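Colleague: Here is what each chain is made of, one letter per residue.
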Amino acid sequence: MSSTEQTAEPTTTYEQAREELADVVRRLEAGGLTLEESLALWERGEELATLCQHWLDRARERLAAAAPADDED
Amino acid sequence: MSAPSSPEAPWPVRTVARKVAEWIGRLGEVWVEGQVAQLSRRGNAATVFLTLRDPVADLSVPVTCHRDVADRPGLELTEGARVLVRARPDYYVARGSFSLRATEIRAVGLGELLARIERIRQLLAAEGLFDVVRKRPLPFAPAVVGVITGRDSAAERDVLVTARRRWPAVRFAMHNCAVQGPQAAANVIEGLRKLDADPSVEVIVVARGGGSVEDLLPFSDEGLVRAIAACRTPVVTAVGHETDTTLVDHVADVRAATPTDAAHRIVPEIGEQRRLVEGLRARARALLTTRVEQQERWLESVRTRPVLANPERLLDGRADDVAQLRTRARRTVVHRVEGAERDLEHARARVAALSPAATLDRGYAVVQRADGALVRDPAEVADGERLRVRVSGGRLGVRVDREDGEP
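So the protein lines, in turn, are chains B and R. Residues 1 to 73 in my numbering are what the first sequence spells out, letter by letter. Residues 1 to 407 in my numbering are what the second sequence spells out, letter by letter.
I should point out that these hints are in silico values taken from the structure, not numbers from a laboratory. Be aware that a few hints might be false.
As the list claims (entries may be wrong) - Which chain B residues face chain R? A few, computed with CB under 10 Å, are given here:
#, residue
1, GLU29
2, GLU43
3, TRP55
4, ARG60
Claimed, not checked - Covered, in the sense of this in silico footprint (three residues per stretch, anywhere, with C-beta under 8 Å from a C-beta of chain R), are these stretches of chain B:
#, stretch
5, 12 to 25
6, 44 to 54
Bear in mind the structure is a predicted one, so any value in this text is a computation, not a measurement. Glycine included, every Cβ here is placed at the ideal spot set by N, Cα and C.
Just chain B, same shape as in the assembly (with noise of 0.2 Å):
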C-alpha cells in the first residue's frame, strides 16, 4: 500500500478519495479485522485522508488565486 501521489498531480479526484476514506472507516469501526488487514487500512486511511487535505489546500490556493484584490479588469 505504498502512498502514489508524491510525483505527479494524484489522479484520484477529490470525491473518490472522499468516498474511499469515509468506506475506510466504516471497517475499521465494524472490527473483527486481522492485525495485518486493520494496519493496511489504518495506512490506507491516512493516505487518503492526506489526498483529501491536498485537494483542499490546492482549492484554497486557487480561491485564493483569483482573491478581489486583484486589479480591476
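Following the hints, position chain R against chain B.
Modeller: Okay, now just chain R, sitting in the frame of chain B:
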C-alpha cells in the same frame, strides 16, 4: 389653330402658352392645405407672394393673392403657419410662370392642428406603425449614440452630460439642426437618414426641450414619423415636456420623458454595473469558500475518528488481548504444573508407601524366585533353589538349605 404642330409648321410661343394656360385652367378651384414657407410683400403692392410647402413631400408651390386676402383680420399670416387656401391655378402667359391664385386663406387653428395630428395618428396607427411588436430593444451599452438635437441646446447638454457620467466610454455622432419651424421635420429626417446609415451608430436619440403645440408640430409630422418607422437603428425620442405627446413618441422604440431620462435609458450606469458585477463575484466566491470549509470540516471530523486518530488503540486492544491471553495461559500452565506436582507427590507417596524400601529399612527382606515371583510360603520353593533376596542395602543371591523338619 388646331392643326398639330410639326417641325414644318411649328406653333408660335403664344399658341403654346395659351394652350398651356387652357390646360392648367381645367384644374378649376381647389382647397389646398400646406405650410407658409416664404411670405413677401413688396411695399403696398396689391399682390402678395408666398410659397406654400407640403411638409410631408417637401414640395412647394408659389401662391399669389390680393393683399386683402393675406391681411384678412384674424389671419396673422406668418412663415411656418399651417394654412388652408382656396385657389385657382394661374398661368402667367407673359412669363410662362405657374402659380396658384388664392381667393381665401384660413389659418389652421390649434384645435384644427390637434385634430389634424389626431387624424394622422389614426392613419399611421391603422398602418401598424405604432404596434408594440415593431419596438426594438435598445442595445445594453452602445459604443456610439446618434443624437439629433438643436445646436448647444439644453436638451443636447442633458443627453451628453448625463450619458457620459453614466457610461464614460460612450461616444456620440451629433446631428445638430433646427428643431423648430418649417424645416425642422425635414432636418430631423435628414439627420435620421444619415445616422441610420452609419453602421457604428447603435441607437439614435431625438431630443428637444419643451415648447408650444406649434413648436412641437414638426415632431408630429407624418414624414418624420414614417422616417423613424423606417429606421433600422432603434430610436429614442425625448421631445417636449413629460406631459407633451407628439406622434414621434408613438412610433419611437423608446419614449423618454426628458433628455436626461433618455440618457438613463440608452446607457447603463457604470458604478451600478460595477457594483452588480462585484456583488455576483463576491457571492460566487462565498459559495466556493463555504463549500471548501464544509469539506475541510468533514475531513477534520473523519481524521479525529479514533480508528484514524490513534490507531495504536487497535494495537492496545490487541496487546491487552495478548497480555490477557498470556496471563491466562500462564495461569493455566501454572495450575497444571502445580497439579502435576501434586500428582507426583501423591504418586511418590503411594510409591513410597507401596515401596518396600521402608520395610526393608526396618530390616525386612524381600525374597524373589529366579523369575522374580515373590516368595510368600516356604512351600513354594524347592530345596537348593536359588533365590534373590533384596534387603535395604541391596540384593544377594541365596540357595535354600532346609534343615530337618522345616516345611
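Colleague: Are the hints correct? Go through all of them and say.
Modeller: Against the structure, the hints come out as follows:
no.	hint	result
1	GLU29	holds, 5 Å
2	GLU43	holds, 9 Å
3	TRP55	holds, 8 Å
4	ARG60	holds, 6 Å
5	12 to 25	holds (count 5)
6	44 to 54	holds (count 5)
The earlier numbered hints are all upheld by this structure, with none contradicted.
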